[in-house]
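K.L.:
Sequence:
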Amino acid sequence: MPPQRPDMTDRPDIVLDFARLTDNCNGNSEIVVELLEHLCKISGPKWVQALERGIKNADSEGLRETCHGMKGACVTIFAWRLSNLALEFEYLARDGDIATIASRMDEIRQAFVEMENWVLHNC
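Take the sequence shown: its letter number 3 is residue 2 in numbering that gives the first Met the number 0, and every next letter is one higher.
These aren't lab readings, by the way, just hints derived from the structure by calculation.
Yeah, the Cβ is synthetic: ideal placement off N, Cα and C, and Gly gets one too.
One or more hints might be untrue.
[Claimed, not checked] 30 Å max Cα-Cα, derived BS3-like pairs, lysine-lysine:
{"#": "1", "residue 1": "Lys55", "residue 2": "Lys45"}
{"#": "2", "residue 1": "Lys40", "residue 2": "Lys55"}
{"#": "3", "residue 1": "Lys70", "residue 2": "Lys40"}
{"#": "4", "residue 1": "Lys70", "residue 2": "Lys55"}
[Unchecked claim] Label pairs and their computed distance ranges (CB to CB):
{"#": "5", "residue 1": "Asp22", "residue 2": "Gly95", "range": "32 to 42 Å"}
{"#": "6", "residue 1": "Asp12", "residue 2": "Pro44", "range": "21 to 31 Å"}
{"#": "7", "residue 1": "Leu119", "residue 2": "Ala18", "range": "11 to 21 Å"}
{"#": "8", "residue 1": "Thr21", "residue 2": "Ala57", "range": "38 to 48 Å"}
Generate coordinates for the entire structure from the input sequences, incorporating the hints supplied.
P.N.:
So, in structure tokens, the structure goes:
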């Protein structure tokens, strides 16, 4: 069965579509766990740091690039809540609305905490 491509119109507000991710990895649970651990332990903290740096430096283009990368990576593994937030932040950065991004950083942090908790309790 060929890997499923995410339908960009299907972006539910859920932490993770584990079934679709597992199916996309041909049922290989080791790959699934590796992807999720990488997101929680490596990519997530780097993205949060990059967002904080972009806010501090008033770098809307850097923020947009970070959000774009985060959105793409998260949609690839069906981490919808993070992907949806990254998409919103990408639009805010594109529009130069750094103040709103700064005021909503706790949402991104909380979404990563939710993902970490999900992985901890389900993998």
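K.L.:
For Lys40 and Lys55, compute the direct alpha-carbon distance and say whether it is at most 30 Å.
P.N.:
This hinted pair holds, its Cα atoms lying about 23 Å apart.
K.L.:
Is the distance from the Cβ of Thr21 to the Cβ of Ala57 consistent with 38 to 48 Å?
P.N.:
41 Å, holds
K.L.:
Hint says 32 to 42 Å; check whether the CB-CB distance for Asp22 and Gly95 agrees.
P.N.:
Holds: the Cβ-Cβ distance is about 39 Å, inside 32 to 42 Å.
K.L.:
Indicate whether the distance between the beta carbons of Leu119 and Ala18 respects the range 11 to 21 Å.
P.N.:
19 Å, holds
K.L.:
Is the hinted pair Lys70 and Lys55 satisfied, with a Cα-Cα distance of at most 30 Å?
P.N.:
Holds, at about 21 Å.
K.L.:
Could one say that the CB atoms of Asp12 and Pro44 fall in the range 21 to 31 Å?
P.N.:
23 Å, holds
K.L.:
Quickly compare the C-alpha distance for Lys55 and Lys45 to 30 Å and report which way the hint goes.
P.N.:
Given pair Lys55, Lys45 holds - Cα atoms ~15 Å apart, limit 30 Å.
K.L.:
Please verify whether Lys70 and Lys40 have alpha carbons no more than 30 Å apart.
P.N.:
Holds. Lys70 to Lys40 sits at ~17 Å (cutoff 30 Å).
In summary, this structure violates none of the numbered hints.
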